[in-house]
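A.B. asks: As a plain string of letters, each chain reads:
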Amino acid sequence: MNDTPAVASAMARSYKYGFVTPIESDTIPQGLDEEVIRLISFKKQEPEFMLEWRLAAYRLWLEMTEPNWSSVRYPPIDYQGISYYSAPVGNPGTVALEDVDPALLATYEKLGIPLDERLTLAGVAVDAVFDSVSVATTHQKKLAEMGILFCSMSEALQKHGALVHRYLGSVVPPEDNFFAALNAAVFSDGTFCYIPPGVRCPMELSTYFRINAARTGQFERTLIIADEYSQVGYLEGCSAPQRDRNQLHAAVVELIAMEGAEIAYSTVQNWYPGDAEGRGGIYNFVTKRGECRGDHSRISWTQVETGSAITWKYPSVILRGAGSSGRFHSVALTNHHQQADTGTKMIHIGPNTSSTILSKGISAGHGHNAYRGLVKVLPGASGARNHSQCDSLLLGEHCSAHTHPYLEVKNHSARVEHEATTSRISEDQLFYCRQRGLSNEEAVSLIVNGFCQEVLRELPMEFSVEARKLLAVSLEGSVG
Amino acid sequence: MNILEISNLHVAVMDKPILRGLELELKPGEVHAIMGPNGSGKSTLANLLAGREECQVTAGSVFYQGENLLVMAPEERAGKGLFLGFQNPVELPGISNVRLLKEAFNARQRHRGLPAMDALAFRDHLDQRSKRLGLSGEWLLRPVNVGFSGGEKKRNELLQMMVLEPRLAILDEIDSGLDIDALALVAEGINAMRDAQRSMLLITHYPRLLDLVHPDHVHVLMEGRIILSGGMALAQDLEKQGYGWLEEVAT
Chain A
48 MNDTPAVASA
58 MARSYKYGFV
68 TPIESDTIPQ
78 GLDEEVIRLI
88 SFKKQEPEFM
98 LEWRLAAYRL
108 WLEMTEPNWS
118 SVRYPPIDYQ
128 GISYYSAPVG
138 NPGTVALEDV
148 DPALLATYEK
158 LGIPLDERLT
168 LAGVAVDAVF
178 DSVSVATTHQ
188 KKLAEMGILF
198 CSMSEALQKH
208 GALVHRYLGS
218 VVPPEDNFFA
228 ALNAAVFSDG
238 TFCYIPPGVR
248 CPMELSTYFR
258 INAARTGQFE
268 RTLIIADEYS
278 QVGYLEGCSA
288 PQRDRNQLHA
298 AVVELIAMEG
308 AEIAYSTVQN
318 WYPGDAEGRG
328 GIYNFVTKRG
338 ECRGDHSRIS
348 WTQVETGSAI
358 TWKYPSVILR
368 GAGSSGRFHS
378 VALTNHHQQA
388 DTGTKMIHIG
398 PNTSSTILSK
408 GISAGHGHNA
418 YRGLVKVLPG
428 ASGARNHSQC
438 DSLLLGEHCS
448 AHTHPYLEVK
458 NHSARVEHEA
468 TTSRISEDQL
478 FYCRQRGLSN
488 EEAVSLIVNG
498 FCQEVLRELP
508 MEFSVEARKL
518 LAVSLEGSVG
Chain B
367 MNILEISNLH
377 VAVMDKPILR
387 GLELELKPGE
397 VHAIMGPNGS
407 GKSTLANLLA
417 GREECQVTAG
427 SVFYQGENLL
437 VMAPEERAGK
447 GLFLGFQNPV
457 ELPGISNVRL
467 LKEAFNARQR
477 HRGLPAMDAL
487 AFRDHLDQRS
497 KRLGLSGEWL
507 LRPVNVGFSG
517 GEKKRNELLQ
527 MMVLEPRLAI
537 LDEIDSGLDI
547 DALALVAEGI
557 NAMRDAQRSM
567 LLITHYPRLL
577 DLVHPDHVHV
587 LMEGRIILSG
597 GMALAQDLEK
607 QGYGWLEEVA
617 T
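Which chain is which? The protein sequence lines are A and B, in order. Residue numbering for the first sequence follows my numbering, starting at 48 and increasing by one per position. Residue numbering for the second sequence follows my numbering, starting at 367 and increasing by one per position.
These are calculated hints, taken from the structure and not from any lab test. Hints are supplied without guarantee of correctness; some may be wrong.
Stretches of chain A that chain B covers, calculated by requiring three or more beta carbons in the stretch to come under 8 Å of a beta carbon on chain B [claimed, not checked]: (1) 356-363; (2) 477-489.
So these bits of chain B aren't anywhere near chain A, every CB distance computed over 10 Å [to be verified]: (3) Arg418; (4) Ala425; (5) Glu589.
Chain B is nowhere near these chain A residues, computed Cβ spacing over 10 Å in every case [as the list claims (entries may be wrong)]: (6) Glu113; (7) Val246; (8) Glu466.
Using N, Cα and C, we set each Cβ at its ideal position, and we do this for glycine too.
This is chain A alone, in the form it adopts within the complex (with noise of 0.2 Å):
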């Protein structure tokens, strides 16, 4: 395949989630200090006990120093430059539906996210995040009704702060690395959610992250809790505007599976990815981490990354109840300059726990695609079991696939098994479907869809859909 330059220029990405919305902020200077996070925290009137885990967090990061070891390059980022709390004016935490600024309303709307409940997709619940701060969260008091608390991690921090203080940090602790330390001591807001024993969430849950100031950073908190023997299905996804310069998103998530409950988490990312030259686009830093606390619990991650000048992400799972299972499928895709070093950990403690690993790849233009994954199996794990399978698809001259599996095997009773393909589309499949009147975008666009199908199948149907369209519309530009 050729991709000519001028071709490709000609048919430079549309990002159609590119705008800004003009709505004042109330947004702090730049710069980071222990002032600032008093300052973020006071904000938030937040409990004393987590005042003090911030500024626990914040002292570690500055011993800390940034990673270097993962396959992604990007200059220095300045953490002074950086503005930690941006919130629209008028909404200084969750409000009801009715009171939130219609600005606010039309912007979510225009995303194809109506936060009106009587509009909003069927068997979807939202909690809706523009820049630090959650603005709405619907569907809230169907699911209280169960006992499911699905609310902004601020909310939760006044309301449930019992339950937050046991279990934030308890899968992602602030030492775990750079970013997640840093994520600790400023994070402004995320979603909470709790599922009781026995039920079944009758409806997806979903956080909508929207990035809207500029040189502002996004730094959110995502806690769910799955009690024995209940059932969630969760899904994100995220938009920023068009901008020359990076901006920085370093999130935590934790997922906690107790005896018998299931986690199926999905995401859908398609932050700002700068343009066809680079410029621009989301820095992509986090860190995403499920414990399946309890025996015979299920965790699963799905990711469809199209977004962001840089992703960098790793979700895993930590495999500690006997007979637990963990999955991860993901589709990352890197088109023009863009760089992904994603993939996940697996880590087997209970016995008879099992793992399958499906990543699929797909680099175009100047795209650098990485898949670095850990499986681990510790001593205690007899009978474990893994599959990892990673695929990479090239297209064109000029991008790159790497795949990084590291293997840790300390129980002889462990069976593990990987595989990995590259591949390019054929002159003869692109040749075959434009002989069938299909042009040679949505030929690409179609062998893509087809190298991906495994893992879209896994996407809640509505966002398989968008997932489609997404794929295709990252690959514009891509093809001669």
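Use these hints to put chain B onto chain A, whose structure you have.
C.D. replies: Relative to the frame of chain A, chain B by itself:
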């Protein structure tokens, strides 16, 4: 107006001359068969007509329904009703037959300025045709050509032709790898598609298919040119005597 008009066509593949002064004319509704030994340029002709890039035209012209075919992109040719049934159809992992057929059908609709057919109506359109070829509904959900036997691949090509209803169908060795029953089904499908407007170009090694289809014209392609044309009698001669006796004519 002729459906296809090829004059003095010279084509090279990787700088090697393959077609050398080919002449051919197809009128609406006509079925032509092209026979010839291996390496005579039959598949090059099929690929060239479909717009494959490696086929470089060094001289001559090809007009399709009065328009210069050689300047059109492959998808434009398809949009204008030119269909190639591939000799070796490629696998498309993860894409179901029904999905490809729908995308292809709607691409054709778009090209004709027609709206996409709704899912139910398309399903009907498809079911009628797949039944005729003995292909089950479950089969339609399998990924395109993945793990198909040779015969299944050929029937799949024919199904695509029946769904897309082209003006000109070029079938490149649609009969190879078929057992007798499958051959009869394929021939039946081809015959069912014949009408006063639709033209077909059948490329084949064997007269077996031609016995069932009865083409209007039979041509022998050798050394990059059509060296002899005739009717069914010519095909029968070739079956009896092979191509050897024609070598003199060719040179």
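A.B. asks: Could you tell me which of the hints above the structure violates, numbers in ascending order?
C.D. replies: 1 and 3
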